[in-house]
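S.K.: One letter stands for each residue in the lines below.
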Amino acid sequence: MRKIPRNTIKSLLFLSPALVLVSVFFLYPLIRVLIISFQEWQVMGGSDYIGFKNYLKVFQDDEFLQTLWNTFIYTIIVTPMIFIPAVLFAAIFKETNRKNTISRTIIFVPVAISFVAASYIWSWIYNDTYGLLNFILQKLGMISQPVNWLGETWSARFSVSFMIAWKTLGFTMIILLAGLQSISESLYEAAKIDGASKTKIFFKITLPLLKPTIFLALILSLAGSFKAFDQFYIMTGGGPMKTTQTMVMYINKVAFEYYDVGYGATISVVFLGILLCLSFVQLKLGGFSNE
Amino acid sequence: MNKAIIAVLIIVSISFLLPIMWSFSTAFKPTGEILSYPPTLIPQDFTFDQFIKLFTAGNGLFGKYILNTLFMAGVSILGVMIVSLFSGYALSMLPFKGSNVILLLILSIMMVPFQSLLIPIYDLLNKIGLFDTRIGLILVYMTFFMPFCIFMVFNYFRSLPKSLRESARIDGAGEMTILFKILVPLSLPALATIIVYVFLEVWNDFVLALIFSSSPDVRNIQVGITVFATQRFSKDWGLINAGVVFSLIPSMLVFLILQKYYVKGLTSGTVKG
Numbered sequence: 001m002r003k004i005p006r007n008t009i010k011s012l013l014f015l016s017p018a019l020v021l022v023s024v025f026f027l028y029p030l031i032r033v034l035i036i037s038f039q040e041w042q043v044m045g046g047s048d049y050i051g052f053k054n055y056l057k058v059f060q061d062d063e064f065l066q067t068l069w070n071t072f073i074y075t076i077i078v079t080p081m082i083f084i085p086a087v088l089f090a091a092i093f094k095e096t097n098r099k100n101t102i103s104r105t106i107i108f109v110p111v112a113i114s115f116v117a118a119s120y121i122w123s124w125i126y127n128d129t130y131g132l133l134n135f136i137l138q139k140l141g142m143i144s145q146p147v148n149w150l151g152e153t154w155s156a157r158f159s160v161s162f163m164i165a166w167k168t169l170g171f172t173m174i175i176l177l178a179g180l181q182s183i184s185e186s187l188y189e190a191a192k193i194d195g196a197s198k199t200k201i202f203f204k205i206t207l208p209l210l211k212p213t214i215f216l217a218l219i220l221s222l223a224g225s226f227k228a229f230d231q232f233y234i235m236t237g238g239g240p241m242k243t244t245q246t247m248v249m250y251i252n253k254v255a256f257e258y259y260d261v262g263y264g265a266t267i268s269v270v271f272l273g274i275l276l277c278l279s280f281v282q283l284k285l286g287g288f289s290n291e
Numbered sequence: 292m293n294k295a296i297i298a299v300l301i302i303v304s305i306s307f308l309l310p311i312m313w314s315f316s317t318a319f320k321p322t323g324e325i326l327s328y329p330p331t332l333i334p335q336d337f338t339f340d341q342f343i344k345l346f347t348a349g350n351g352l353f354g355k356y357i358l359n360t361l362f363m364a365g366v367s368i369l370g371v372m373i374v375s376l377f378s379g380y381a382l383s384m385l386p387f388k389g390s391n392v393i394l395l396l397i398l399s400i401m402m403v404p405f406q407s408l409l410i411p412i413y414d415l416l417n418k419i420g421l422f423d424t425r426i427g428l429i430l431v432y433m434t435f436f437m438p439f440c441i442f443m444v445f446n447y448f449r450s451l452p453k454s455l456r457e458s459a460r461i462d463g464a465g466e467m468t469i470l471f472k473i474l475v476p477l478s479l480p481a482l483a484t485i486i487v488y489v490f491l492e493v494w495n496d497f498v499l500a501l502i503f504s505s506s507p508d509v510r511n512i513q514v515g516i517t518v519f520a521t522q523r524f525s526k527d528w529g530l531i532n533a534g535v536v537f538s539l540i541p542s543m544l545v546f547l548i549l550q551k552y553y554v555k556g557l558t559s560g561t562v563k564g
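Protein sequence lines correspond, in order, to chains A and B. If you read the first sequence in our numbering, its first letter stands for residue 1, the second for the next number, and so on. If you read the second sequence in our numbering, its first letter stands for residue 292, the second for the next number, and so on.
Pulled out of the complex, with its shape left as it was, chain A reads as follows (with noise of 0.2 angstroms):
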């Protein structure tokens, strides 16, 4: 038998705690998940395997259809209301001063809080008949009836899209910082020489330096979209009419409401499918992220 050099086994002793953490808590998971997709759950117990069955009803399933809708919906919704803002932050508070430090680390408190948190901080400005949000535009006479604002539909999804801006967009702008950071600045003393207007900098220069970094926190923004679960469940419960349920909500309900334990598995697969894509588009542009 060959040996294993001493220093692997001590390798390996000092791996185990991590490897024994990911077998089962990770990979096992992983591979029932795949199991369990392709399976029936009885309420009593006993499980059958029934083929494709899962992944068929999955693409004519009009309740999940609508939640790939919805969150097709609110990424073209809150995507804009991120990275404007956050764009002008990054740009306006690059350079390392007190205050600019002071309004990074401001804009920077509400993604350090939990979305449970902000939900109801925002219900609250929210609220059709107590909140501040009503009192305030009808003072300023914009409107004139309190607005049930995250009642309907489309105020929901707006409403709730703003209060996931406030909430992320200072993590958009660190990000979209270190990238500003890295552009040498050898660049813009030389469009400055060359007489380059601040306007004509940030778009011929800026711009498209920032490009790379730019998709990378998009990308992150579009997987962190697809895992919303906290905002949606707390702020609307997926109302009105299921128009503003997420995929994680759908899983959730599918396996721990309506017990189609296998039926929820499926949904995980593709989720996981959707997800995995955009890490793999992300690994391209070489950038690991643990948000």
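Incorrect hints may have been included.
BS3-like mimics (lysine-lysine), calculated; alpha carbons at most 30 angstroms apart, straight line [stated by the list, open to error]:
id, chain 1, residue 1, chain 2, residue 2
1, A, K94, B, K555
2, B, K551, A, K94
3, B, K551, A, K284
4, B, K555, B, K453
5, B, K294, A, K192
6, B, K453, A, K10
7, A, K284, B, K555
8, A, K57, A, K242
9, A, K227, A, K284
10, A, K284, B, K388
11, A, K211, B, K294
12, A, K198, B, K294
13, A, K57, B, K418
14, B, K418, A, K53
15, A, K99, B, K551
16, A, K139, B, K526
17, B, K418, A, K227
18, A, K211, A, K99
19, B, K344, B, K355
20, A, K3, B, K388
Under 8 angstroms between C-beta atoms, here's a sample of chain B residues computed to sit facing chain A [as the list claims (entries may be wrong)]:
id, residue
21, L308
22, P329
23, E466
24, V535
25, V554
If you want the footprint, here are the derived chain A segments under chain B, 3+ residues with CB under 8 angstroms [said to hold, decoys possible]:
id, region
26, 78 to 92
27, 121 to 127
28, 244 to 256
29, 265 to 279
Honestly, the hints are just simulated from the structure, not real lab data. Beta carbons are placed, not taken as given, at the ideal position from N, Cα and C, and that holds for glycine.
Following the hints, complete the assembly by docking chain B onto the known chain A.
M.R.: The following block gives chain B in isolation, referenced to the frame of chain A:
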């Protein structure tokens, strides 16, 4: 960009705090004032009533939620730290044929959203008797929050000179001594990042605690707030905002104290360079 736009943007950045301040303001008002019209921006009748209500409801359930969450955060931080130091040490100082594959395996966890594994993990926790236990949740937290920390510690150790370990070996130091006496004191910034990252993830977690716990003894603070918010027919906004304030304070404190490490951790690796 002219001065006026910059001034506007500075005002806008300060206004980021207004929603949070509004929540604080509401939490210190009596219920009558909360539901009065027009709303008062600063509590006219300053009171701790909402907090008293929060902590006396259900025989101090909310206090239990807080302690639970702090316990789970503390153990997860300690656990992730040890796992990261061990793995980072093995992968950087004791590499072997195939250790790169192990690193890739650990990093692949970051590509798989845990939301897609809720069903099999729920099933697994049930089978091994860890459903609705703090330790079950802690193990799940550790698994999904350790890859980033392992990668960070690995990179940190790799940047240190190899001779550090070799000379200590010649002096007769064991691996544990090298790790804890020589490398750990050099990696305090990495450990600070682990503390703030894992704390915020666990303290702010909602979906994992929601699905993998069911009894008041295990619930965390975020799930606790939603339980308090939905148990009555009409929402008690004073109570909810008081709960929100208590969820906000630790997140904001930890972030403000360790923000340098948190931001550095978040952006490390996101930008090519």
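S.K.: Given the proposed pairing of K284/A with K388/B, does the C-alpha separation stay at or below 30 angstroms?
M.R.: holds (26 angstroms)
S.K.: Would the pair K418/B and K53/A pass a check requiring their Cα atoms to be no farther apart than 30 angstroms?
M.R.: holds (26 angstroms)
S.K.: Does E466/B hold up as a contact with chain A if the rule is Cβ-Cβ below 8 angstroms?
M.R.: holds (6 angstroms)
S.K.: Holds or violated: are the alpha carbons of K139/A and K526/B at most 30 angstroms from each other?
M.R.: With Cα atoms ~25 angstroms apart, K139/A and K526/B stay inside 30 angstroms; holds.
S.K.: With a cut-off of 30 angstroms on the C-alpha distance, tell me whether K57/A and K242/A pass.
M.R.: Roughly 19 angstroms between the alpha carbons, so the hint for K57/A and K242/A holds.
S.K.: Can you confirm whether the C-alpha distance between K99/A and K551/B stays at or below 30 angstroms?
M.R.: Holds, at roughly 16 angstroms.
S.K.: Examine the region 121 to 127 of chain A for residues whose CB is less than 8 angstroms from any CB of chain B, and state whether their number is three or more.
M.R.: Contact hint for the region 121 to 127 of chain A vs chain B: holds, 5 residues under 8 angstroms.
S.K.: With a C-beta cutoff of 8 angstroms, work out whether three or more residues of the region 265 to 279 of chain A approach chain B closely enough for the coverage to hold.
M.R.: As far as the region 265 to 279 of chain A goes, the hint holds, because 8 residues have Cβ atoms under 8 angstroms from chain B.
S.K.: Between K453/B and K10/A, is the straight-line Cα distance small enough, at 30 angstroms or below?
M.R.: It holds: about 17 angstroms lies between the C-alpha atoms, which stays within 30 angstroms.
S.K.: So if I understand the rule, the pair passes when the alpha-carbon distance is 30 angstroms or less; does K94/A with K555/B pass?
M.R.: holds (16 angstroms)
S.K.: Do the alpha carbons of K284/A and K555/B lie within 30 angstroms of each other, as the hint requires?
M.R.: holds (22 angstroms)
S.K.: Hint validation: V554/B versus chain A, beta carbon distance must be below 8 angstroms. Holds or violated?
M.R.: Holds. Min distance 6 angstroms.
Hint check: no violations occur; every hint is consistent with the structure.
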